[in-house]
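Whenever a hint applies, use it, and build me the whole structure from the sequences.
Take a look at the letters that make up each chain.
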Amino acid sequence: METPTVPPEPIVSQTSSTPANLPQILTYPSKTPPQLITQGAEALLYKSTYLLPTLPCALKYRPSKPYRHPILDVRLTKHRILAEARVLVKCRKEGVPVPAVYALDESKGWLCIEWIEGEVVRIRLNEWLRRRKEAGTEEGSEEEELVDLMGRIGSAVGKMHGVGIVHGDLTTSNLMLRPWAKGVMNGHSSEDGKGILEGEIVLIDFGLASQSTADEDRAVDLYVLERAFGSTHPRAESLLKEMLTAYGKSFKGANVVLKKLEDVRMRGRKRSMLG
Amino acid sequence: MIAIGLEGSANKLGVGIISHPGPGKPAQVLSNIRDTFNAPPGEGFLPKDTAKHHRSWFVRLVKQAMIEAKVSTRDIDCICYTKGPGMGAPLQSVAVGARMLSLLWEKELVGVNHCVGHIEMGREITGAHNPVVLYVSGGNTQVIAYAEQRYRIFGEALDIAVGNCLDRFARTLEISNDPAPGYNIEQLAKKGKVLLDLPYAVKGMDCSFSGILACIDILAADLKANPNWRDPITNEVITTADLCFSLQETVYAMLVEITERAMAHVGSSQVLIVGGVGSNERLQQMMGLMARDRGGSVFATDERFCIDNGIMIAHAGLVAYKTGFRTPLEESTCTQRFRTDEVFVNWRD
Numbered sequence: 001m002e003t004p005t006v007p008p009e010p011i012v013s014q015t016s017s018t019p020a021n022l023p024q025i026l027t028y029p030s031k032t033p034p035q036l037i038t039q040g041a042e043a044l045l046y047k048s049t050y051l052l053p054t055l056p057c058a059l060k061y062r063p064s065k066p067y068r069h070p071i072l073d074v075r076l077t078k079h080r081i082l083a084e085a086r087v088l089v090k091c092r093k094e095g096v097p098v099p100a101v102y103a104l105d106e107s108k109g110w111l112c113i114e115w116i117e118g119e120v121v122r123i124r125l126n127e128w129l130r131r132r133k134e135a136g137t138e139e140g141s142e143e144e145e146l147v148d149l150m151g152r153i154g155s156a157v158g159k160m161h162g163v164g165i166v167h168g169d170l171t172t173s174n175l176m177l178r179p180w181a182k183g184v185m186n187g188h189s190s191e192d193g194k195g196i197l198e199g200e201i202v203l204i205d206f207g208l209a210s211q212s213t214a215d216e217d218r219a220v221d222l223y224v225l226e227r228a229f230g231s232t233h234p235r236a237e238s239l240l241k242e243m244l245t246a247y248g249k250s251f252k253g254a255n256v257v258l259k260k261l262e263d264v265r266m267r268g269r270k271r272s273m274l275g
Numbered sequence: 001m002i003a004i005g006l007e008g009s010a011n012k013l014g015v016g017i018i019s020h021p022g023p024g025k026p027a028q029v030l031s032n033i034r035d036t037f038n039a040p041p042g043e044g045f046l047p048k049d050t051a052k053h054h055r056s057w058f059v060r061l062v063k064q065a066m067i068e069a070k071v072s073t074r075d076i077d078c079i080c081y082t083k084g085p086g087m088g089a090p091l092q093s094v095a096v097g098a099r100m101l102s103l104l105w106e107k108e109l110v111g112v113n114h115c116v117g118h119i120e121m122g123r124e125i126t127g128a129h130n131p132v133v134l135y136v137s138g139g140n141t142q143v144i145a146y147a148e149q150r151y152r153i154f155g156e157a158l159d160i161a162v163g164n165c166l167d168r169f170a171r172t173l174e175i176s177n178d179p180a181p182g183y184n185i186e187q188l189a190k191k192g193k194v195l196l197d198l199p200y201a202v203k204g205m206d207c208s209f210s211g212i213l214a215c216i217d218i219l220a221a222d223l224k225a226n227p228n229w230r231d232p233i234t235n236e237v238i239t240t241a242d243l244c245f246s247l248q249e250t251v252y253a254m255l256v257e258i259t260e261r262a263m264a265h266v267g268s269s270q271v272l273i274v275g276g277v278g279s280n281e282r283l284q285q286m287m288g289l290m291a292r293d294r295g296g297s298v299f300a301t302d303e304r305f306c307i308d309n310g311i312m313i314a315h316a317g318l319v320a321y322k323t324g325f326r327t328p329l330e331e332s333t334c335t336q337r338f339r340t341d342e343v344f345v346n347w348r349d
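Listed in order, the protein sequences are those of chains D and L.
By full-length UniProt numbering, the letter at position 14 of the first sequence is numbered 14, and the numbering carries on one by one without gaps.
By full-length UniProt numbering, the letter at position 27 of the second sequence is numbered 27, and the numbering carries on one by one without gaps.
Simulated from the structure, these hints should not be mistaken for laboratory data.
Note that this is a predicted model, so its numbers are computed, not measured.
Idealized CB from N, CA, C, for every residue including glycine.
A few of these clues could be false.
As the list claims (entries may be wrong) - If we take Cβ atoms under 8 Å as the criterion, some of the chain D residues that face chain L in the derived model are:
1. G40
2. Y67
3. H69
4. L208
5. K249
Unchecked claim - Some chain D residues near chain L, calculated using beta-carbon distances under 7 Å:
6. I37
7. A41
8. R68
9. I71
10. G164
Said to hold, decoys possible - Which chain D residues stay away from chain L? Per the calculated CB distances, all over 10 Å, these:
11. T27
12. C57
13. A83
14. E127
15. E226
Printed below as a string of structure tokens:
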């Protein structure tokens, strides 16, 4: 006899989304209500003025995960908040442009850091590429701005690697362009409205970062960034060598990393699958 | 259309016969039987012995499946077999068997990727439309999402598979391999209470299990040497059940975490769990809790479809056959290495 396949019931079929609860700290009175900026798999990012009415800050909250054993959950959250804070503090101390750490409570799962003005490179770069296409400018010409941006990215990443930190998730969404500080224009200007690629590179989201000086780890960081460029801004891919040139000059030992990058590229993250 | 599926990439020999009645109608399982080669406690299955098992059971199983399905060789449209990935010798045994049937019955062959077989059967049974797939078994650990005619691997185990980690720990404890080592660990873990500290190795969307295995093996040796070991906080006696409990809680938390990251990345709220480890109830429960928080749902199947079986090979093979895919006799080889993303999925939009 033919037995029709009976589809088993899905184990959970709840369609309503329950918004994650605010961390307790954001329920206290402040000048402006907390604003949810992004929600990733692990953490929620809020903008808040809880610390001082005049000082906006970014509050990264790692809510507890109900699926994890409570002991494991507390252990992981604590470890990750502290690791991220340590990395940020180290970068800051060594002059790598990252947000400053203001406050944290690892047992409650939050980390309060400097609010960075500006926009992420991904948005600015796509806007710039779009405008150039609309203006009908040929690819390969009038690229000084982009070349300059790639150089700044390479230097910023190199500086971070030079102090013994690898980011773990370098994409153009994790690179901010902060407006140049007043008075310190460094010969840059943004008056003509063309300067959307202007600004200081600030590295953000160190949730997957670690302290490492291994060339392999550094090369993987660069490889991830290359891939991110390839998949989100194919038209800017040709200028990756500008980034790598700047990277090569940024710290002692950078050239070894660039050699290693060639190996990593060959291998990809593709592993031949056994069994 | 009717297809027979032959699976033997690891220690299970499976034969299944499926019928696709027509567009819009669900597939019908006509028969789905398997025979498992179990090594004695404390040992794993060796390729040589497993291949021998498959060779000696192949004809019997095919005959029985045909009888149960009440079909004759004339009703069969194509013969589907596992091309890979898997263990070499068992794969070869089944490939030889498939070629024999092809010549005997004068039917065309379809070589199927084992992982794609799991995914397609899971989708068919559960009705999950476009889920993120967690494929977890003794040989594979992958987080997969479909995009542009390929099942793309977003995350995977960098060393041993999660099921291999569990199987090998079962060997350390010398618990039975029947019906499956992972099943026996699951039963023991239900009695565990104390969570011991184990490494937690997640890197982005990838994870690693070999260090966890080494650590839990050391803890098992410690426990053997000191049976009166007590938890310093609760003062409870630590047992092998606690070791199994700790291992499960840790590795499943890792799997759920990488799955959640992939879901956030591709913007999906459905998860489908396939593969032998997918029949673990604790993993399904944890995945359910995660999916609920994201406003989504989990789809899982029972052991008939989770654990390696012939019907999934028949199903995936028939789906490909209908799009015109054939494996000529001269090319009806098998391979130990066959990545999920190598298959061109032209039957999906």
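*What hint numbers does the structure not satisfy?*
5, 6, 10
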